[in-house]
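*Asks:* Sequence:
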Amino acid sequence: MEEIIKSYYTETKKVLDSLSQSNREYFEKVEDYMIFSGIFYDEISLRKVILQMALDLKDAEQDGLTAVEYFGDNPKKMVDNVIREAKVDTRISQISLFTIFIGVICYCHFLSDFSSDGLVTINVFEYLSSVVFGFVVMAVFLTFYKQSIYGLTLRKDKLGSYLTIIVIAALIIALVYLFDRFRMVFVGPIYTFSTLVSIVIASILVIGGLFLVTRRKLFRVFIPVIVGYFLAGILALVINTAGIQHNVLQFAPIIVICLSLLVFLIMSRLLIFK
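Sequential numbering from 390 applies to the sequence shown in my numbering.
Hint data in this document are derived by calculation from the structure and do not stem from the laboratory.
With a straight-line Cα cutoff of 30 Å, these simulated DSS-like cross-link-like pairs (lysine-lysine) come out:
(1) Lys-447 <-> Lys-437
(2) Lys-465 <-> Lys-606
(3) Lys-437 <-> Lys-465
(4) Lys-437 <-> Lys-466
(5) Lys-418 <-> Lys-465
(6) Lys-395 <-> Lys-437
(7) Lys-418 <-> Lys-606
(8) Lys-403 <-> Lys-418
(9) Lys-402 <-> Lys-465
(10) Lys-403 <-> Lys-466
(11) Lys-447 <-> Lys-418
(12) Lys-395 <-> Lys-465
(13) Lys-466 <-> Lys-418
(14) Lys-437 <-> Lys-402
(15) Lys-395 <-> Lys-418
(16) Lys-606 <-> Lys-403
(17) Lys-418 <-> Lys-437
(18) Lys-447 <-> Lys-465
(19) Lys-395 <-> Lys-466
(20) Lys-447 <-> Lys-466
Construct the complete structure from the given sequences, taking the supplied hints into account.
*Replies:* Below you can see the structure in the form of structure tokens.
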């Protein structure tokens with residue numbers, strides 16, 4: 390699959406290199422908008438459509454037309470129609486998306502809990518509330534996502550785009566705060582496993598998570614996050630069990646998590662601009 394995507398990407402790049410600078414810069418923005426706004430569509434189908442559009446633009450350029458004249462000054466509507474009319478396949482069904490989303494939320498909740506003290510703790514109420522909270526955040530995100538992607542790629546006036554991002558961030562922060570307050574008021578039954586069982590469960594889940602994310606290049610950026618949270622949990626368990634009171638060592642789990650997130654950001658940036 391990755392080889393097919395890479396092949397389409399390479400062919401598209403060859404076509405773009407043959408275009409004039411202004412047409413190439415214009416089309417690169419169109420390409421970015423299509424890729425980022427089509428996160429729920431099959432990337433192979435999208436890449437195929439993008440390559441065909443690049444070839445069409447090349448023919449138009451040979452006929453003396455510019456990208457603006459061919460696609461229009463504001464190509465958002467055109468791009469949306471192209472994706473819809475090309476019948477680009479959805480990457481996953483809604484049921485699969487729902488299942489994966491719940492799994493990811495529960496997995497993230499597990500990593501967060503384990504990294505705090507190195508023990509596997511099951512609080513059914515917290516897991517259910519995390520799922521509900523996750524869907525609310527996702528709804529807020531998707532409401533503004535495509536508009537912000539359009540603004541950052543195609544819109545000439547960037548101020549509205551940055552304001553949109555600020556609004557999204559503020560809403561998510563407010564939701565996180567409300568969720569945290571909600572969890573403090575309502576506490577359900579808690580089940581904590583023994584140290585040995587916790588390590589076994591955590592190891593199995595981490596190995597499973599690493600196996601899944603390594604299957605696709607796009608998801609490999611999450612490897613340092615999974616490993617970092619697991620190591621933070623092990624460190625926290627050792628520190629708590631040994632009764633270590635050293636100030637620096639007590640902050641070691643947090644430092645490990647911060648480093649893993651830093652590596653994640655670096656890998657994400659390299660992946661985007663590769």
